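Need the complex rebuilt from these two chains, each delivered in its own frame; the hints are there to steer you.
Chains as they are written, first to last, in this note's numbering: chain S, 35 to 273; chain R, 72 to 188.
Hints in this document: simulated from the structure, not taken from any laboratory. Hints should not be assumed to be uniformly reliable.
Stretches of chain S that chain R covers, calculated by requiring three or more beta carbons in the stretch to come under 8 Å of a beta carbon on chain R [as the list claims (entries may be wrong)]:
hint, segment
1, 67–73
2, 95–104
3, 113–121
Values in this document were obtained by computation on a predicted structure and should not be read as measured data. Ideal Cβ positions, reconstructed from N, Cα and C, are used throughout, including at glycine.
Listed here are the chains, written in short residue letters.
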Amino acid sequence: MSDQLFQAWVYLAATPLVGLTATLLAYQIGYAVFLRANRNPLANPVLIAIALLAVLLWISDTSYQRYFEGAQFVHFLLGPATVALAVPLYRNFQTIRRTAFAIGAAIVVGSLVAIVTGIGTAWLLGASRQTLLSLAPKSATTPVAMGISEQIGGLPSLTAALVILTGIIGATFATLLLNAAGIKDWRARGLSVGIAAHGIGTARAFQVNEVAGAFAGVGMGLSALATALLVPAIVKLLL
Amino acid sequence: MLRVLTLLLLCQLTGEIAARAASLPLPGPVIGMVLMLGWLAYNGGVDADTAKVAGGLLEHLSLLFVPAGVGVVLHLDVIAAEWPAILAALLVSTFAAILAAAATMRWLAPADGGSSK
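Excised from the complex, chain R in its bound form (with noise of 0.2 Å):
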């Protein structure tokens, strides 16, 4: 576990320092993501460890935006203020940007043979 853990922290940092280093306009953990695949794919698998880890953190992914989203209470005025326009904003954005990106995979990716029943 404690080298797992190691692991993705030193993927992460790696990433964190190249996104600075390089001022690219991705977050240092996204860079992390695809070093530790990079990793994966050089060690041939997923030991049982880094699954074990992994899907401990990825269990209950959820749980970590919690701590952000109470930072709404900072904001009470302006929502409180314009809450039509930012309610229906974030409505008719997410539901148009999900059936449109669904559309367009749909239409493009070439069929498998994994699709729910």
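Only chain S is shown next, with the shape it has when bound in the complex (with noise of 0.2 Å):
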């Protein structure tokens, strides 16, 4: 009996199923946490779902590339996802085409304190070269995040950590933030979130509204191009 615990065992942690299903597993769990909660933004599925997960892997003794060998299957859908966002995109053309110029300084004005507040709060609190470096491209989408974090020297895979971190915060409390600031238009709020809070932030305005959801994929679409601009000469300047 114990044998064939054994042979299972060896099976399983030799196939990509366990890290896909656990994967599956845990969103949905976090999820139906979310739902529980009458869709408050703290009970996050996202982060239940990293914490679930980052706790089986310890536990288990898994090692991160491992349970990646299965949980690639979810993760090479972002691709894919992230060209899909041209139907929603293509549906409010005419809205979007109308705030060109508005967009454009947005997107400017977004990534800049985006970028400069980062590095100045994490620097004022003594955090050290390679984290400030790390943090820098936090606001634009994983893989151009990581492809900037490599070009000025910073560590891309706590980049994409921190990337994950900082959708999580604005989608979590976007709503409430745009609330008390009293900004109730639904282009800027999709706008500044998918600008601060990429794909994460993107996923939430598709949540609360589409033309949110629109505008919040053209803010991450663009914010990643403004990004990978500033980064460089930022840090040239400033560290």
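The following block contains the structure:
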């Protein structure tokens, strides 16, 4: 019996099935908690799923690399999903084109503020140079942020974790923050969340309103470009 | 469904190749998004099949960030050592960026009827 269990364990440890299934299960638990909490953004499904999986890896003494062999199938879908953002973008194209100038200005201002206040706060509180460099591109979407981080001498995998945390913070607090600031325009609400909190913010915006979601998608795509152009220049100037 | 998935992957692949060949500072999928937008404009609309597949992918967009997020376990030592600075920096800069971008947009965008109540 224990020999059969051991055989099963050997099989499971070698197949990507476990990492993949665990990811889907953890996310669904997170999503069920989110629904139970009346869709309160504080019960963020991504945060809950990541915490559950981190504990699971620690308990089962599994390496992240081994986990990712299964989870990569979910990770891969980020690419086609980003391309699919073209659909809501197309549906709202008229509204977006009418505000093109304002969008451009908001993207430059938002990206600049994200980079400078991020580096500034961490520097004031004594973060190491490596952390500052890894932190600088954190508002851009994961693949761009990792590329920038590598280019300026940060740690790309640390950047990836900071990018996700930024997205969770943005998705969790954007509604509260924008309500408090009295900003009701769905275009401004969506765009700002896409700029500051990339794809996770965009996912949150789609949950609330389709116009907000489409503008968030624009904010995510263009702030990635702005961040890629701004970060190397700012780092050269400040660090 | 197969046709739409192929189309999405083709756009992404072309985007990845363009990004590398021209060393653009944009990720391949974002270029792919622009190509897909061009394709929809060329066709003059979104057909039901495309709407269904895109909707399916975007419905749980945040799930797709979970695997990269679990990568936080690789850097628990850095985070344990510097967490006050990291947490403060993430909170301050995310809040500041949201407010600055939203205020700029509201200030400069022409009004329309699509505001929330």
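Going through the hints against the structure:
| no. | hint | verdict |
| --- | --- | --- |
| 1 | 67–73 | violated (count 0) |
| 2 | 95–104 | holds (count 3) |
| 3 | 113–121 | holds (count 9) |
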